[in-house]
Amino acid sequence: MTAQTIQGTAPRASAGGSKKPLRWGQIASQVFLICACVLWLLPIVFALYVALRPYSDTQKYGYVSLPHHLTLKNFSDAWSQSDMVHYFWNSVLITVPSVIIVLALASGLAFVLTRVNVKINVALLIVFTAGNLLPQQVIITPLYRLFLQIHVPTFLAGSGLLYNSILGLVVINVSFQLGFCTFVLSNYMKSIPDEMYEAALVDGAGLWTRFQKLTLPLCRPALAALATLLTTWIYNDFFWAITLMSSGDKRPITSALANLQGQFVSNQNLIAAAAMIVAVPTLVVYVLLQKQFIAGLSLGSSKG
Amino acid sequence: MTDHELDPATAGAPRAPRRRRRVGRLSGRDKAVVAVLLGLPILLDLAFIWGPALGTIGLSFTKWNGVGSLSTKACLPNVPSILSNGCLYGVQNYHQALTIYPEFWPAVRHNLIWLAVFVFFATPLGMFFAVLIDRGIKGSRMYQSILFLPVMLSLALVGIIWEFMYSQNYGLINTVIGHNHNGNAIDWLGNPKLNLWAVLVEATWRQAGYVMVLYLAGLKAVDPQLREAALMDGTNAWQTFWKVVFPVMRPINIVVMVVTVIESLRAFDLVYITNKGINGLELLSVLVTSNIVGETQRVGFGSALGVVLLVISLVPICTFLYLTFRRESQPKGAR
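Protein chains in written order, with our numbering: chain A, 315 to 618; chain B, 57 to 391.
Honestly, I wouldn't trust all of these hints.
What the hints assert, rightly or not - With a cut-off of at most 20 Å between alpha-carbon atoms, the simulated PhoX-like pairs for lysine-lysine come out as follows:
(1) B:Lys299 x B:Lys276
(2) A:Lys374 x A:Lys387
(3) A:Lys527 x B:Lys194
(4) A:Lys433 x A:Lys374
(5) A:Lys433 x B:Lys87
(6) B:Lys249 x B:Lys332
(7) B:Lys276 x A:Lys605
(8) B:Lys249 x B:Lys194
(9) A:Lys527 x A:Lys504
Said to hold, decoys possible - Over the 10 Å line for every Cβ pair with chain A, so calculated as not near, a few chain B residues:
(10) Ser210
(11) Tyr226
(12) Asn251
In case anyone wonders, no lab produced these hints; they're calculated from the structure. No residue lacks a Cβ here, since even glycine has one placed at the ideal position from N, Cα and C.
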């Protein structure tokens, strides 16, 4: 289908002068994109449809059938029966500190790497960038042992270890995302003209002032884009929470989904409703901050 | 528009002079600031990323079940494994993985299939979406938003959502094609001959939107005059794209290539949520994980599998770093 459409569009559009062939190309593009969008929405819409139908209805008529009743009861049941508030709160406790800390550390590091001549700054940037590109599974084995070794006071982590604690997940999310953020922010900071720093220096501004009063405000758009991206990514994280947490009740909502799936195994409608509820925070980002999210992705892919 | 303001390549290029001088000498207080700003992230990165990465290599030469301590003594041959624990095992882990571990080669094959589908299908599809949308046809914003939607969802969620499509008895696909009865139901996610492809459809569904967004940013940055000039010369749209636009997008092409390879090596969540990565869905990432968090911990063996993954992933990582940072080190050498 793809190849056909390419052939259908391209040569005709080239005919240039006459308007008719160009229109055919446009129609082909429209048809292709509409088909693709229907296919893209179908799984989500179907899951939503299952979530909106009472269990009795789907048992009687099958899942692929016209609706006889639509209800929000599955959502309220899924919410109350699975202690979702608790898992959502875990997600908040992990995501919010992680995003703040990683942006603070990465902007400081990127500032030094771009604005202070520390000789090895390119080498350092390479090390951090490469660290972010490693598959998580490359480091998980020693990391798992390490998390079992590191003792932390119980007021920071109930388990007394980094393993199986919210703190541990914050630590690994921060460390792992540091590379990407530093890479993006250092590219961004390079675009700030030197003259501004020279002027600040004439005014007698120290390094910290130049960082806090000059660089950070100028980086606000990049920081906003990164914050959006990181919030979504850390909220969506599944792997770290599955491997570095043993007990289900400390897990954030995304990885707790695996447990919920087991809990509701006999009632698909509840699973669908639970899945839709878990998607809500990312859908809010999607609706309100899509531009920021996309800007963050594009920042990561463009180099200064 | 926001993209443009944010894009350092376009925003800063004309203003920032090439020969960038770094301003000022450092006072004592400044040095302390540098130490803190550099020290903390370096410490974290060494302790939790590069330390463990090196640890994986070290542990891969040992035999250890995670209990007791590690020693530098060589493992005794012909002794029950309980007695030879925490000892140096040489390259035995690698040898076992390559020869007698039944899941190893299937996992490698599945990872390669995953990569091939991403390279030859998901990525071109995403690029094609981007090209169509970039031509500014009617409704392009809506198309972009819809195709992008799956990128927002976690892979775990994607796996659950698709189970409603694939389920044997009540799934949308089987019902529509009439294969939802006990006799003839197609077990999309359970049949080891089918399930990898079924999961790859899910992965592509998400990956294509991701690639599309990256290319849309790249296409926006292409100077429209280039395209116009090419079209005036009589090249058709197809040729213009491949001969003029595509080469100009080189930086994006590199990023997309790296994202494609790394994502196919990282693939884990989808197969784990589907069936914990067994019975046709084995991947290297799953094997590493199951050897350390499973019931029987084989730290050394799991590490060896991790090293295999590390070595493979170093290829795209090094390529990316070389192509990205080559330009930065050049002017330095000239100075």
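Against the 20 Å threshold, does the CA-CA distance of A:Lys433 and A:Lys374 hold or violate the hint?
violated (72 Å)
A:Lys433 and B:Lys87: Cα distance at most 20 Å?
holds (14 Å)
Consistency of the no-contact label for B:Ser210, given chain A and a CB cut of 10 Å
Given that some Cβ of chain A is not farther than 10 Å from that of B:Ser210, nearest at about 3 Å, it is violated.
Please work out if A:Lys527 and A:Lys504 have their alpha carbons no farther apart than 20 Å.
holds (17 Å)
Satisfaction of hint between B:Lys276 and B:Lys299, Cα-Cα up to 20 Å:
holds (17 Å)
Beyond 10 Å on every Cβ pair: is that true for B:Asn251 relative to chain A?
Nearest chain A Cβ is 17 Å from B:Asn251, so the label holds.
Has the given pair, B:Lys249 with B:Lys194, been kept, meaning a C-alpha gap of at most 20 Å?
With a Cα-Cα distance of about 41 Å, the restraint between B:Lys249 and B:Lys194 is violated, given a limit of 20 Å.
Agreement of B:Lys276 and A:Lys605 with the hint, judged by alpha carbon distance not exceeding 20 Å:
holds (14 Å)
Holds or violated: A:Lys374 and A:Lys387, Cα atoms, limit 20 Å.
holds (18 Å)
Checking one constraint from the list: CA of A:Lys527 to CA of B:Lys194, max 20 Å. Satisfied?
violated (44 Å)
Given the hint that B:Lys249 pairs with B:Lys332, does the C-alpha gap stay at or below 20 Å?
Given that 20 Å is the threshold and the Cα spacing comes to 17 Å, the pair holds.
Compute the least Cβ-Cβ separation between B:Tyr226 and chain A, then decide whether it is above 10 Å.
About 4 Å separates B:Tyr226 from the closest Cβ of chain A, which leaves it inside 10 Å; violated.
The structure shown violates the earlier hints numbered 3, 4, 8, 10 and 11.
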